[in-house]
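Engineer: Take a look at the letters that make up each chain.
Protein chains: 2
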Amino acid sequence: MLPDAPRIAFVAYDRMTVLDFIGIYDPLTRLKSMGFLPALTWDVCAMQPVARDDRGLSLNATRFNEPLGGYDLLVVPGGFGTRTLKDDPRFLAWLQSAAPAKLKVSVCTGALLLGAAGFLRGKRATTHPAEYDALRPYCAEVVARRIVDEGDVVTAGGVTSAIDVGLYLVERLAGPDVRRKIARRMDYPYAMPPDSMVTPGP
Amino acid sequence: MLPDAPRIAFVAYDRMTVLDFIGIYDPLTRLKSMGFLPALTWDVCAMQPVARDDRGLSLNATRFNEPLGGYDLLVVPGGFGTRTLKDDPRFLAWLQSAAPAKLKVSVCTGALLLGAAGFLRGKRATTHPAEYDALRPYCAEVVARRIVDEGDVVTAGGVTSAIDVGLYLVERLAGPDVRRKIARRMDYPYAMPPDSMVTPGP
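Quick mapping for you: the protein sequence lines, in order, are chains A and B. Here my numbering is used: the first residue of the first sequence is 19, the next is one more, and so on. Here my numbering is used: the first residue of the second sequence is 19, the next is one more, and so on.
The shape of chain A in the complex, shown without the other chains:
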């Protein structure tokens, strides 16, 4: 399991889908802002100081062009930028520097980046439903579910699944009661059908 003071690396890059990022950033960072895991820390990690989406929005890295070795939890969003970054040796080497992280998570086509970095080898995984074929070469099996939890790697479906996987991780890190409280503060009335998830099993 993760330590009580987990350090999160939220990865950002050009042409990402910002909702992939913010949808999981919001519930996870509430673990700290609402006082449940006060020692939680995180960075917005990128190769450049500014990450621009494909529509004109830009956000600022808090740490850039530094290796990702010091984190417990790696979070990788998706977006059109993945289509070139998955074949970019410099980006992949940077992502691979996160290998020591005990938990690696992707949203949407972020799975293509986890896969290209080698983190999905031998594992089941999911991604945006339109990109299952693109994911197949990188993993043992693509599973058509909203969340696939392989213990040390968790992959999620398209864009808005960011919120569901964020709340799922909140529960893994802090329990079901904290998840309920954070979901309520986020005014989130929805719950995934049980069959939309794969969890590690016997």
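Quick caveat, the hints were computed from the structure, so don't treat them as lab data. Hints should not be assumed to be uniformly reliable.
The list that follows gives simulated cross-link-like pairs (lysine to aspartate or glutamate, EDC-like), each with its CA atoms no further than 20 Å apart [as the list claims (entries may be wrong)]: (1) A/LYS199 with A/ASP22; (2) A/LYS120 with A/GLU168; (3) A/LYS104 with A/ASP22; (4) A/LYS141 with A/ASP170; (5) A/LYS199 with B/GLU168; (6) A/LYS50 with B/ASP72; (7) B/LYS199 with A/ASP72; (8) B/LYS50 with A/ASP32; (9) A/LYS120 with A/GLU149; (10) B/LYS104 with B/ASP151; (11) B/LYS199 with A/ASP32; (12) A/LYS50 with B/ASP32.
Using the hints provided, position chain B relative to the given structure of chain A.
Structural biologist: Just chain B, lined up with the frame of chain A:
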């Protein structure tokens, strides 16, 4: 109704909840990026060049410290920053410069800012369920629903209602078929119960 080439002002400010912003930004900007309203334009409008949330994330305005008179649609997110901005004459004067916008929308406690600017006078409205009392002085009636549509003003509930109201506005601007296509691309399987919404009616 709005023109075919609507101009959107997404308002950003310090200590906003970024998911309030991005949850509505994603579906609305897909009207352009997916080719349904190619002439749609928008700005990220703030009083300063950079808007920081309450947790360490910052994003960059595309237009700052300029009046908001040139837009058709005003979008105001919520966040802790609203608690001071609702009494900040300089910020309110800036927001009031958006008065000509034919449609004004808030997410979460963004309703307090629309209210403090005078845009909810005589109207029904909603906000985050924990802040109904704070909204009451600014509107005719607080309605405990996820979306309240008063025609020229639409207010939504807490944080994640941003996505629901974004898709609702997509339908108002481009019809139910476009809404379905955008929701599918966002991999959004949820639908609000019909009684969670108030629409203009006799």
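Engineer: Now look at each hint and say whether the structure bears it out.
Structural biologist: Hints, one by one, checked against the model:
no., hint, verdict
1, A/LYS199 with A/ASP22, "holds (19 Å)"
2, A/LYS120 with A/GLU168, "holds (12 Å)"
3, A/LYS104 with A/ASP22, "violated (32 Å)"
4, A/LYS141 with A/ASP170, "holds (10 Å)"
5, A/LYS199 with B/GLU168, "violated (31 Å)"
6, A/LYS50 with B/ASP72, "holds (11 Å)"
7, B/LYS199 with A/ASP72, "holds (19 Å)"
8, B/LYS50 with A/ASP32, "holds (19 Å)"
9, A/LYS120 with A/GLU149, "violated (26 Å)"
10, B/LYS104 with B/ASP151, "holds (14 Å)"
11, B/LYS199 with A/ASP32, "violated (25 Å)"
12, A/LYS50 with B/ASP32, "holds (19 Å)"
Of the numbered hints given earlier, the model fails hints 3, 5, 9, 11; all others are met.
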